[in-house]
Amino acid sequence: MNNDVSPPSDLPPLTPAQKRQWRKIEWDFHVRAFGEEMARINFLPLKKRKAAVAEMIDHARSKGVDLSRPALGVTP
Amino acid sequence: MIPYAELEKFFCDLVAKAQGRGIPCAITSGMACVHFGVAATTKDCDVLCNVEKSDDFRELIAETKLRGLLPNYRGNISPPLDARWMRGGWTSHFTWKTAPEESCLDIFGIAPRGSSAWEDEIFGLYASRHTVAEMKRTNRDKDWPYINALGIKLLKANDLRGCLHLYDADALSNAVATNPPPSWMLEARPSLRLALAGDERLADAIHAETVFWHRLDACRIQLYERALRPYVSAVRKVIARRAMPLAESHEIRMQCAERHLLPSPVAVHGFAQLVADAREVTSRRVHPDLMEWLPNGLSHFIGLS
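As given, the protein sequences belong to chains A and B, one line each in that order. To convert, note that position 44 of the first sequence is 44 in our numbering; the numbers rise steadily by one, no gaps. To convert, note that position 127 of the second sequence is 1127 in our numbering; the numbers rise steadily by one, no gaps.
None of these hints come from the bench; they were simulated from the model. There's no promise every hint is true.
What the hints assert, rightly or not - Cut-off 20 Å, straight-line C-alpha distance, at most; resulting in silico cross-link-like pairs (DMTMM-like, lysine to aspartate or glutamate): (1) A:LYS63 / B:GLU1006; (2) B:LYS1156 / A:ASP28; (3) A:LYS63 / B:ASP1044.
What the hints assert, rightly or not - Among the chain A residues that face chain B by a calculated CB cut under 10 Å, a handful are: (4) PRO13; (5) ALA51; (6) ASP66; (7) SER68.
Ideal placement from N, C-alpha and C gives every residue a C-beta, glycine not left out.
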């Protein structure tokens, strides 16, 4: 099994300034595309993020939101 | 209601067990997006499974209980989980009839729109960001923000393929200004040349690309839906509403599929023809000058036969 591999990168590592710039671009995009609350969740560390998503999904389901997808035989 | 955390653990355990048995497989779509930091509201799971290991994975699914319940195929519409049909791009649907909602699992053998073998790049239990982003180029508007978000994640991880997934003109311009894309990437996505040149047509070209991908997916789905009808009708006649174990249901589906289900509707239609169909529809919706900036699309049928 070829786990945890990604293609080797020939690029120089991102500088701290580039990292900051990408983080800002990412944050701005998430706020614009998903809303501020979801952006905040997306920027949490993995464990907290999964817990927040679980809480959000379970809350929606408990209020009757149907998150099931139809079985179509072919998936987009 | 089964809490999401329990469902996620259940599907992760299933994939881990499969990998432990030597079955290359990976969680993709919504659950993978959540893992990668782009929250999606899904409770069902999509898994990519190596085509040649379809039988092994089906046997594992058949013996895996969720809250004491064994699974089955979902409705009469699901194609069999078998290498012949998985290789042709079909998806198999499974369900555990938990209450009040069923818990569902979709299995792909081939990643739709994949330009490289998904098996070459697996991150633990998950397909790579690149694979997930390509799979998200659907005809559903709701999927597109996820592609862009995954593209940014790739670039943050110093993976230049992120440029292939940015559909936000500003972010794309910024990305290519920092690291000019290699020639293979410019060929794969011609609109990157506009980004490099700071051409003001970039945003329109990106819009044309999204129209193209929407149409390509819609044309693809049409082929599968048409091919599915006689099979569903045959399965419905034999199974009706009878409850039966997964193994028995599988045998019936195999018999029906052998007679009524084309293994690969896209291959029969022709990959080039499918791309031409999508381009034709796109040409009626975007300015003619933008057509030259569309991707050719032909390299996005990897593994499909």
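Chain B contact restraint for A:ASP66 - C-beta distance below 10 Å: 8 Å, holds
Pair hint outcome, A:LYS63 versus B:GLU1006 [Cα-Cα no greater than 20 Å]: 19 Å, holds
Supplied contact hint for A:SER68, tested at 10 Å Cβ to chain B: This interface hint holds because 6 Å falls under the 10 Å limit.
Minimum beta-carbon distance criterion (10 Å), A:PRO13 to chain B: Result: holds, 6 Å to nearest chain B Cβ.
Given pair status - A:ASP28, B:LYS1156, alpha carbons within 20 Å: Between B:LYS1156 and A:ASP28 the Cα gap is close to 14 Å, so the pair holds against 20 Å.
Given hint B:ASP1044 paired with A:LYS63 - CA-CA distance at most 20 Å: Holds - the C-alpha atoms of B:ASP1044 and A:LYS63 are around 18 Å apart, at most 20 Å.
Minimum beta-carbon distance criterion (10 Å), A:ALA51 to chain B: 7 Å, holds
The structure agrees with every numbered hint stated previously.
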